[in-house]
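As a plain string of letters, each chain reads:
There are 2 protein chains.
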Amino acid sequence: MKIINKSDLKSLKRSVDQGTEEQRKTVQEIIAQVKQQGDKAVKEYTERFDKAKLDALKVTKGEFEQAYDSLDGEFVEILKEAAKNITAFHEKQRSTSWFDSSEDGTILGQKITPIDAAGVYVPGGTAAYPSSVFMNVIPAQVAGVKKIVMVTPPDEDGNVPDGVLLAAHILGVEDVYKVGGAQAIAALAYGTETIPAVDKITGPGNVFVALAKREVFGDVDIDMIAGPSEIAVLADETARASEIAADLLSQAEHDARSSSVLVTNSEPLAQSVQKEVQSQLDRLPRADIARQSVEDYGMIVLCETWDEAVDTINEIAPEHLEVVTEDPFQELGKIKHAGAIFLGPYSSEPVGDYFAGPNHVLPTNGTARFSSPLNVDDFTKKSSVISYSRQALENNVDKIARFARLEGLEAHARAVETRKERWK
Amino acid sequence: MKIINKSDLKSLKRSVDQGTEEQRKTVQEIIAQVKQQGDKAVKEYTERFDKAKLDALKVTKGEFEQAYDSLDGEFVEILKEAAKNITAFHEKQRSTSWFDSSEDGTILGQKITPIDAAGVYVPGGTAAYPSSVFMNVIPAQVAGVKKIVMVTPPDEDGNVPDGVLLAAHILGVEDVYKVGGAQAIAALAYGTETIPAVDKITGPGNVFVALAKREVFGDVDIDMIAGPSEIAVLADETARASEIAADLLSQAEHDARSSSVLVTNSEPLAQSVQKEVQSQLDRLPRADIARQSVEDYGMIVLCETWDEAVDTINEIAPEHLEVVTEDPFQELGKIKHAGAIFLGPYSSEPVGDYFAGPNHVLPTNGTARFSSPLNVDDFTKKSSVISYSRQALENNVDKIARFARLEGLEAHARAVETRKERWK
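Going down the list, the protein sequences come from chains A and B. Read in order, the letters of the first sequence are residues 1 to 424 in our numbering. Read in order, the letters of the second sequence are residues 1001 to 1424 in our numbering.
Where hints are given, some of them may not hold.
Footprint (simulated), chain B over chain A, 3 or more residues, beta carbon under 8 Å [claimed, not checked]: (1) 297-304; (2) 377-386.
Okay, derived cross-link-like pairs now, BS3-like style, lysine-lysine, Cα gap no bigger than 25 Å in a straight line [what the hints assert, rightly or not]: (3) A:Lys10 with B:Lys1035; (4) A:Lys424 with B:Lys1275; (5) B:Lys1035 with A:Lys84; (6) A:Lys336 with A:Lys6; (7) A:Lys146 with B:Lys1147; (8) B:Lys1061 with B:Lys1051; (9) B:Lys1399 with A:Lys92; (10) B:Lys1399 with A:Lys80; (11) B:Lys1092 with A:Lys336; (12) A:Lys399 with B:Lys1092; (13) A:Lys420 with B:Lys1275; (14) B:Lys1147 with A:Lys334; (15) B:Lys1146 with A:Lys334; (16) A:Lys336 with B:Lys1146; (17) B:Lys1336 with A:Lys92; (18) A:Lys61 with A:Lys147; (19) B:Lys1010 with A:Lys35; (20) B:Lys1111 with A:Lys334.
According to the in silico footprint, chain B covers these stretches of chain A (three or more CB under 8 Å from chain B) [claimed, not checked]: (21) 109-119; (22) 159-165; (23) 328-336.
No lab work stands behind these hints, which were simulated from the structure alone. In this text, a Cβ means the ideal position worked out from N, Cα and C, and glycines have one as well.
Take these sequences, add in the hints, and give me the full structure.
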């Protein structure tokens, strides 16, 4: 992992994978077919892309039970405890409707309503991601979303991973469908004979999934398009190099395009972390991926002063930030942009991936400047409420009409003035 | 305005203007040029599209003062009162950071931070829209956004409307630039020598502005792409036809593609509103636009029962909804999807456009199913905060490591396990 002086640092921004023109066309074609032909198209694409020939798309009760029995009881308990922690955290995020009443009889307010239906995409591949199920479904459930529809690609035998089914089962999600890729996003956006249409789609996926989400955006809502995982560690000389290195590598193993950055004002720490990364790297099962990631997107940024180090973090606006200093809470107010902030030596980043409670769906690639972790508000929407009293309208009708006329909108002025008939 | 029985009603959804392939290419070219050449490109496009040859892009102090003097004092007071009402409403929307501490020493929380810089697009054209300035700028100011940058296209003489400058002046916005179209969006997204880059762009515009916002989305945040204005009125036999008709027409005058819909279970009301619309329409200065809108997108939906009428409203998910019944508050809990809900006969829709306080930037074209009025939260973002104690990590490290290994992520497991050294 290279050490770079802050003064030599260029932009850390990575380009987002927008897909090729051909990939975009493929995705548009898939969406059009699913819109038109429903289940028939979904099954054909599943056979073509996932090599699975399915009679039924929906996961059966028997399959849920089998998944439950296949994993040992101790692990089931760990999953349940994680779900409990995640639910407890998200319950604190709930917003409430409010009203404000004036003496003239006017009531103004904001009503919060859950969306009707949410769709969750759970990626397939070699590993099963029960944590993805929890992190996407729980905020929707806490928000009060009644209908939750999950999709995940099957393997060649038409099966989906036990861990995913178990996680869905623990949360009481019954609408799980064996479909992935752009065809899954199309099915969620427009519905088929079997798969219900939803109002918002969340969850990560490959480039086809990301392109399909961009295509259907507007007809339904989507979460942010996720980029590769990132960690930045802000540490001073009190940090332990072995721990910092281990945490940097925990993100590097995700993806060859993941980014791991240490920002420090301590040259001794910079050097010992560099050594530790090298030695720990070789002993990792996913060493090839992690090595590539460290070489291409890993670095140690050495700053002249602590303030410069803090500024560097705000420039990066990292997905995950660890603050490892004598008194990390003192730094919290200075951190303006980060998806999740882990304070102190025991708050190793994986604590937040699975267990502590906060969401692991976080803004990547500098979008923490303007985006938030997935949260309960993402599954609700607001309506303004306006109840004007007769008194309020009498007091203000002429002002409102004048304002409307200045903007050239005569019918607006007349609409409020019509009410004058009532007190003539 | 046609009367349709609910049972004969097809979907009310209108297609969103996605622009032509040529328009998209033009917009991409403009963005690339502004990115590369900054102010030079901005001025060239302004000369080409707006016919204005500008030396300086920024509005001067003198121009603000001139705008202030050009409008009479009484109108200035109306604007100030509107700004006060809008500020008061949005101040109630403020979310606060929170923390939760456990007995084992763990602290979990959610930190709210304003975005650094917001950009507001104010459309040009024949009318000046000071209300647009208020509705986009005030939520950002209340959120605590330090840098607010406004752009608006100049006329051929290089001037921008007095009403817009006055509104900006009242709010203390000094960064106002004479630029519109896709070139304005590109300048806000990437910055030029003169125009500062921002993190989020809001405000309505023509198809080029909308396409440019879609293009830069991801590099910066944007608000929703707005469609034509809509009103739905849910009324029973107690409503006055003249008032309902006037309110329907207040939206119809906006745009030939605006939509005005009455939903009722009262046939006498349906018929008298139909007559009133006809007679009021002919007397409007913008009668041509309103007539086209009423013909193409206006209708009266006659329902068999009141429940069916309420369901119809939730299917439409209108931008503006008026509820005109004996006891409109009783209906509030049944309304699931609407941008703004106006209750009772005195809450004519224009009351909310300018004066009452809630925002007039609202979700259109059925997106109230999943979107909200522009609000203070749109200009802030959340960061999760996780401070795990040694005790908490000791209690949970083995569970977290096991969860990580089930997902195939060994470096995640080792990262937390490294901390065991501390209590060995």
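Here's how the hints hold up against the structure:
Judged by the Cβ-Cβ criterion of 8 Å, the region 297-304 of chain A is not covered by chain B as claimed, because only 0 of its residues qualify and three are needed. Only residues whose C-beta sits within less than 8 Å of a C-beta in chain B count toward coverage, and the region 377-386 of chain A has 7 of them, enough to reach three; the restraint holds. At roughly 18 Å between alpha-carbon atoms, lysine 10 of chain A and lysine 1035 of chain B fall within 25 Å of each other, so this suggested pair holds. Taking the CA atoms of lysine 424 of chain A and lysine 1275 of chain B, the gap is about 23 Å. The hint holds against a cut of 25 Å.
Distance check on the hinted pair: lysine 1035 of chain B and lysine 84 of chain A sit about 48 Å apart at the alpha-carbon level, beyond 25 Å; violated. The hinted pair formed by lysine 336 of chain A and lysine 6 of chain A meets the criterion: a straight-line CA distance of about 19 Å does not exceed 25 Å. Taking the CA atoms of lysine 146 of chain A and lysine 1147 of chain B, the gap is near 40 Å; set against the 25 Å cutoff, the hint is violated. As the CA atoms of lysine 1061 of chain B and lysine 1051 of chain B are separated by approximately 23 Å, the hinted pair is consistent with the 25 Å bound.
Taking the CA atoms of lysine 1399 of chain B and lysine 92 of chain A, the gap is near 24 Å; set against the 25 Å cutoff, the hint holds. With a C-alpha separation of about 11 Å, the suggested pairing of lysine 1399 of chain B with lysine 80 of chain A holds against the 25 Å cut-off. In summary, the hint linking lysine 1092 of chain B to lysine 336 of chain A is supported, as the alpha carbons are separated by about 23 Å, within the 25 Å threshold. At roughly 24 Å between alpha-carbon atoms, lysine 399 of chain A and lysine 1092 of chain B fall within 25 Å of each other, so this suggested pair holds.
Straight-line distance between C-alpha atoms of lysine 420 of chain A and lysine 1275 of chain B comes to about 21 Å, which keeps the hinted pair within the 25 Å bound. The suggested pairing of lysine 1147 of chain B with lysine 334 of chain A holds, with an alpha-carbon distance near 18 Å, which does not exceed 25 Å. For a cut-off of 25 Å, the pair hint linking lysine 1146 of chain B to lysine 334 of chain A stands: about 15 Å separates their Cα positions. At roughly 13 Å between alpha-carbon atoms, lysine 336 of chain A and lysine 1146 of chain B fall within 25 Å of each other, so this suggested pair holds.
Restraint check: the Cα-Cα separation between lysine 1336 of chain B and lysine 92 of chain A comes to about 23 Å, which is no more than 25 Å; the hinted pair holds. At roughly 18 Å between alpha-carbon atoms, lysine 61 of chain A and lysine 147 of chain A fall within 25 Å of each other, so this suggested pair holds. About 18 Å separates the Cα atoms of lysine 1010 of chain B and lysine 35 of chain A, which keeps this hinted pair within 25 Å; it holds. Restraint check for lysine 1111 of chain B and lysine 334 of chain A: the C-alpha separation of about 12 Å stays at or below 25 Å, so the hint holds.
With 5 residues having a Cβ less than 8 Å from any Cβ of chain B, the region 109-119 of chain A passes the three-residue criterion, so the hint holds. For the region 159-165 of chain A, the proposed coverage by chain B is not satisfied: 1 residues have a C-beta within less than 8 Å of a C-beta in that chain, short of the threshold of three. Counting residues of the region 328-336 of chain A whose beta carbon lies closer than 8 Å to any beta carbon of chain B gives 5, which meets the minimum of three for the stated coverage.
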